[in-house]
Amino acid sequence: MPQVVGRQYKEILKQYLSSQSEEDLYVGQQFSRRFIEKDIAPEDVISIHKNALHDIVPDLRKEVWDSFDFLIEMMIHYGLTLREHQSLIRKQEAIQMEMDVATGVQDTLLKTKTPNLKGLDVGWISKPAKQMNGDYIYFLNHEHEAGVAVADVMGKGIPAALCMSMIKFGMDGLQDENTSPQNVLNIINRIVEKSVDNSMFISMFYGKFDARDSMFSYASAGHEPALYFNAKEQTFSELSAKGLLLGIKPNVVYEERKQKMEVNDFIVMMTDGVTETRTEDGFIDMKTIEKLLLEVSEKPAGAIAEHLYNELSKLQNYRLSDDFTVVIFKKEK
Amino acid sequence: MPQVVGRQYKEILKQYLSSQSEEDLYVGQQFSRRFIEKDIAPEDVISIHKNALHDIVPDLRKEVWDSFDFLIEMMIHYGLTLREHQSLIRKQEAIQMEMDVATGVQDTLLKTKTPNLKGLDVGWISKPAKQMNGDYIYFLNHEHEAGVAVADVMGKGIPAALCMSMIKFGMDGLQDENTSPQNVLNIINRIVEKSVDNSMFISMFYGKFDARDSMFSYASAGHEPALYFNAKEQTFSELSAKGLLLGIKPNVVYEERKQKMEVNDFIVMMTDGVTETRTEDGFIDMKTIEKLLLEVSEKPAGAIAEHLYNELSKLQNYRLSDDFTVVIFKKEK
Amino acid sequence: MNFRSSVEIYTEWDIVAARQLGRNEAKKVGFGTVDQARITTAISELARNIYLYAGKGKIEIERVSEGKMSGIKIIASDEGPGIQDIRKVMEDGFSTSGGLGAGMPGVKRLMDEFKVISEAGIGTTITTVKWLH
Amino acid sequence: MNFRSSVEIYTEWDIVAARQLGRNEAKKVGFGTVDQARITTAISELARNIYLYAGKGKIEIERVSEGKMSGIKIIASDEGPGIQDIRKVMEDGFSTSGGLGAGMPGVKRLMDEFKVISEAGIGTTITTVKWLH
Ligand SMILES: [Mn+2]
Ligand SMILES: [Mn+2]
Ligand SMILES: [Mn+2]
Ligand SMILES: [Mn+2]
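Protein chains in written order, with the UniProt record's numbering: chain A, 1 to 333; chain B, 1 to 333; chain C, 1 to 133; chain D, 1 to 133.
Next up, chain A with everything else stripped away, as it sits in the complex (with noise of 0.2 Å):
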C-alpha cells in the first residue's frame, strides 16, 4: 500500500513541478485527504514526498535531503497529535452511546400513562431542545379524575433525571391519597425540599378533571400559567395560582383554584420552552400562542397541540431554544 501510495504521489508532483496548475493542486489535495482517512501521519507525508522528489530532481544538494530528515523528527509530534485525535473521536462516540441507552432508560422508567377517561379527551407533547429533555409529564390517574403534573426541572442528564424521578416515584405513592392539586404540591414539595439543596429549581403545574362535576382544579408551584379557552364566548383567559417552587421551602401550603369547563372547552398547560419562544424580532406574546389555539380550536386535543408545536418551532427556524412541552385537557360530549 504505501508503495502504491508513493508512486501515485510522484505522479502527480511530477505533473505539478512540470505545470504548477491549479487543477494539480486541487488533485493533490483531494488525494491528501485519502491519506488522512488511510491513518497516514504527517511524518509519513513527508518522507513519501522526499522520496518522490528525490526520483524527480535526483542531482540536489544534499541539504536538501538532510533538511527533510530534519522535518520528518519535526513532524512525529504533530502525528502524535492526530492519532490520540482518532482515540478522542472513539471515546466520543462511545459517550453518544451511553447517552442513547440513558435516554431510552429515563423514558422506560419514568414512562407515565396517557388517562382514558370518558368525557375528556388529552392531548400532549414534548420535545427536547438537546438529547435529554428538562421537561417532565406525569399523569396520575383515577376512577373518575385525571390529574396531571407539568414541571420543568433545572438542568439536564443525571440531575434532570433525578428531579423526574422524585416526582414520579412521590406521584407513585400518592395513589390512595388526598390529590387535590394543593395536596399534591404540598406533598411533593416536602419530598424535593428533603432531598435536594437549595441550588435545584423545579416548576411544577398540577391539573386535575373531575369528570362527575367537570370542574378543572389546579395549583401552581412557580410554573407558567395554564390557557383556559372558552368555546361558547371563543375567549382565552390565564389560569394561575400563587406558590413558590418546589424545594425552596419545606412547608409551603399552595394555592388551589378552579375553572368550570363546559363541552369542547379546553386547557392549555405548558413549560416556558412554549412562552417564551424567540424568534428573530425578540420573543411572542401570548397573543400569538391564543392565535394558533384559536386556528385549531375544533379539532381534538393531540392535534391542537402539535399545530401549536409546529407553528412555533417555525417561527424560531426549527431550533428550540428550550424544552417544549405542551398538555392539553379538552372536555368532550
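None of these hints come from the bench; they were simulated from the model.
All values reported here derive from a predicted model rather than from experimental measurement.
Among the hints, a few may not be true.
[Unchecked claim] Computed, partial: chain D to chain A, Cβ under 7 Å:
hint: 1; residue: V29
hint: 2; residue: G30
hint: 3; residue: T33
hint: 4; residue: A37
hint: 5; residue: T41
hint: 6; residue: K58
[Claimed, not checked] Cut-off 20 Å, straight-line C-alpha distance, at most; resulting in silico cross-link-like pairs (PhoX-like, lysine-lysine):
hint: 7; chain 1: B; residue 1: K111; chain 2: A; residue 2: K194
hint: 8; chain 1: A; residue 1: K91; chain 2: B; residue 2: K130
hint: 9; chain 1: B; residue 1: K333; chain 2: A; residue 2: K91
hint: 10; chain 1: C; residue 1: K108; chain 2: C; residue 2: K73
hint: 11; chain 1: B; residue 1: K91; chain 2: C; residue 2: K108
hint: 12; chain 1: A; residue 1: K130; chain 2: B; residue 2: K91
hint: 13; chain 1: B; residue 1: K260; chain 2: A; residue 2: K194
hint: 14; chain 1: B; residue 1: K333; chain 2: B; residue 2: K260
hint: 15; chain 1: B; residue 1: K91; chain 2: B; residue 2: K232
hint: 16; chain 1: B; residue 1: K130; chain 2: A; residue 2: K111
hint: 17; chain 1: B; residue 1: K156; chain 2: A; residue 2: K156
[To be verified] Computed list of chain D residues with no C-beta within reach of chain B, every gap over 12 Å:
hint: 18; residue: S6
hint: 19; residue: E12
hint: 20; residue: R19
hint: 21; residue: K28
hint: 22; residue: G32
hint: 23; residue: G55
hint: 24; residue: K56
hint: 25; residue: S65
hint: 26; residue: K73
hint: 27; residue: G80
hint: 28; residue: P81
hint: 29; residue: T125
hint: 30; residue: T127
hint: 31; residue: H133
Using N, Cα and C, we set each Cβ at its ideal position, and we do this for glycine too.
For chain A, the structure is supplied; the task is to place chains B, C and D with the ligands on it using the hints.
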C-alpha cells in the same frame, strides 16, 4: 511571533545541516512541541521550513521551492484535523464538568443517614471503579431498628442513578409499613418490576438489626451472601437467602432468615466488587477476605471496612475492576 | 466599488476554476502562500458541496476592506434542497470523510467569518470572509 | 545472545546519547527513516521522564527477534517515586503539553508493545518493543 519562530527554526535547521547531530534533532523536536502548543499548523511548519531552507541554501532549483508549495497544499487538511482535535478536547472537558456536577447531585439526592443506634456500630465504604458508582447503600432507621439495603445496579450514569432513585424513594415510602426484610424486598421488587423492562438487573441485600433482641434478619434478591463473624468462636459463616434479582417477576416472595448477634460479633454485607477482586493470579477466595477481617476484628466497624478496602485494593494494584461496597454491622455492649 | 467576480459551478472542472480565481485574488490582496492555500481550500470545499449536493450554483469572490483592514469574501450560493439541520452540519464530524457536514466546520476554521442562510426547497447561501492580519 | 547496550540518564545530555544509541540500533535492524524517528522519539520521551521525574535511571536498548520477525526493545527503568495512578497516566491527555502523562500514550502509539510496572517508593520499569514490518 511567527517571525521569531522562523528565525529560531532557521538557526536550528542550519545547525543540523552542518552537523547532522542527534542533539540538533532533539532540540528541533522539543521546539516542535512548542509549535503544537502555540497552534502552529503543520502547513505553517512546511512554510517556515521552506523559508528557512531558502535563507540557508538559496541557490536551489525552482522545483524544490515549488515542491514545498505542493506540500503545503497537502498539509492543509492535516491542519484542519488538528484544529478539530482542539475543539473535541474542549468538548470532552465540558462533558467532564457535567459529570462532576451530576455526581454531586446524585450524592445529594440519594444521600442516606448512617444509623445511630445504641448497641450497634455501623461502618461502611463505597468506592466507584470509574467516576460514577453503580453500587448503592440506603439506610432505613427506626427507633429500635437499623436497616440497610446494599444494592448493585446494572450500568452507570443515568440508568444507574434512576435505579438508585427507585430504591431510595421506594424505601422512603416504607417508613410506616412493615419493614421486615422479606416485605421490603417484596415491595421494592414490585416497584422495580413495574418501572423497568427485563433488561435491567438489580441485586439487593436487605439486612435489619433489632436492638431489642439483638437479632439480625435478612433477605436477598440475587445478591452476594453476607459474612457473619462469631467473636467468641472466632469463626465466619455465610448468610445467604434465596431470591430472584429485582424486577424479573412481579410477585416474588423472598426468603427471610435470622442470625442472633452477641457482643463483638459483626456482619459484613458487600457487593460482588469485593468478593470478585481480581489479582494477577485470578480471583481471590473468601478465605482471603476472612483473613483480612480477622486481622482487625477487634476494631470498630468503620476501621474494619477501611482495612478490607485498603488491602483488597492493594492486591489488585489499586485498579478496581468493579465498584466496591462494604457495610458492617457490629454489635456493641 | 469593490472588485467582484464569479464562477458558475456545474462540473468538477469549475471547482478548479473557482480555486484558481480565489488564489489569484488572495495573492493580489496580499495573503502569503499558506493563507492562499487556506482560502483556496475553503473555496474548494464550498464548490465541491455545490457540485456534489446541489448540482449547480455559484462562487463569488470579492475583495473587501473595512477601515485599514483588507480581506477576501467568498459567497457560495445554490438553489439546491437546502440544509435540513444546520446545527448538525456545523458540528465537528465524528468522521472526517465524506458528506456535506465534513466541509462546513473546516471552512469556518479556515476563514475568519462565516454565515449560512438555508431554506428548504429554496437553497443555501454561505458567506465567508478572511482578513489579512 | 542478543545485542544489548544501555545509557544511564542523569543529565539532559544523556537523553541525546540514548536517542543516538537508539537511532543507530534502529538503523542496523533495518528500520526506515520515519520509523527511526519514531523509535528515537519514544526513547526521548522515556528518557525525559526519567530525567524530569525520577532524577536518574537507565535506558537499555536491545535488538530482538521472534521467528522471522526482528525488532528493537527499549527498557526504561528508574528508582524514582513510582507512578501514583497508572490508569491516569495512560489516558489520552486533556492537554498535550507537560507532565509525565503527556508522554506515555504517545510512546505506546509510537511502538508496538508496551508494559509498565511501577511500585510506589521502588520505581518504574517500562518495556516497549517495535517490530520491523
Ligand atoms: Mn428546563
Ligand atoms: Mn424551560
Ligand atoms: Mn454494578
Ligand atoms: Mn458489581
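Outcome of the hint check:
1. V29: It is violated, given that the least Cβ distance between D:V29 and chain A is near 18 Å, above 7 Å.
2. G30: 16 Å, violated
3. T33: 6 Å, holds
4. A37: 5 Å, holds
5. T41: Interface hint status for D:T41: holds (5 Å vs cutoff 7 Å).
6. K58: 24 Å, violated
7. B:K111 - A:K194: 10 Å, holds
8. A:K91 - B:K130: 15 Å, holds
9. B:K333 - A:K91: 53 Å, violated
10. C:K108 - C:K73: 13 Å, holds
11. B:K91 - C:K108: Satisfied, since the Cα-Cα distance of roughly 17 Å is no more than 20 Å.
12. A:K130 - B:K91: 15 Å, holds
13. B:K260 - A:K194: At roughly 35 Å apart (the allowed maximum being 20 Å), A:K194 and B:K260 break the hint.
14. B:K333 - B:K260: Status holds; Cα separation ~14 Å.
15. B:K91 - B:K232: 58 Å, violated
16. B:K130 - A:K111: 29 Å, violated
17. B:K156 - A:K156: Holds. B:K156 to A:K156 sits at ~16 Å (cutoff 20 Å).
18. S6: The claim stands: D:S6 keeps its Cβ more than 12 Å from every Cβ of chain B (closest is about 16 Å).
19. E12: The assertion about D:E12 is violated, with a minimum of 9 Å to chain B.
20. R19: 5 Å, violated
21. K28: With a cut-off of 12 Å, D:K28 remains clear of chain B, as the shortest Cβ separation is near 15 Å.
22. G32: 16 Å, holds
23. G55: Fine: 19 Å to the nearest Cβ keeps D:G55 off the interface.
24. K56: 19 Å, holds
25. S65: 26 Å, holds
26. K73: The claim stands: D:K73 keeps its Cβ more than 12 Å from every Cβ of chain B (closest is about 20 Å).
27. G80: Label holds. Min Cβ-Cβ 17 Å, cutoff 12 Å.
28. P81: Given that every Cβ of chain B is farther than 12 Å from that of D:P81, nearest at about 15 Å, it holds.
29. T125: 14 Å, holds
30. T127: 16 Å, holds
31. H133: D:H133 is indeed farther than 12 Å from all Cβ atoms of chain B, at 23 Å.
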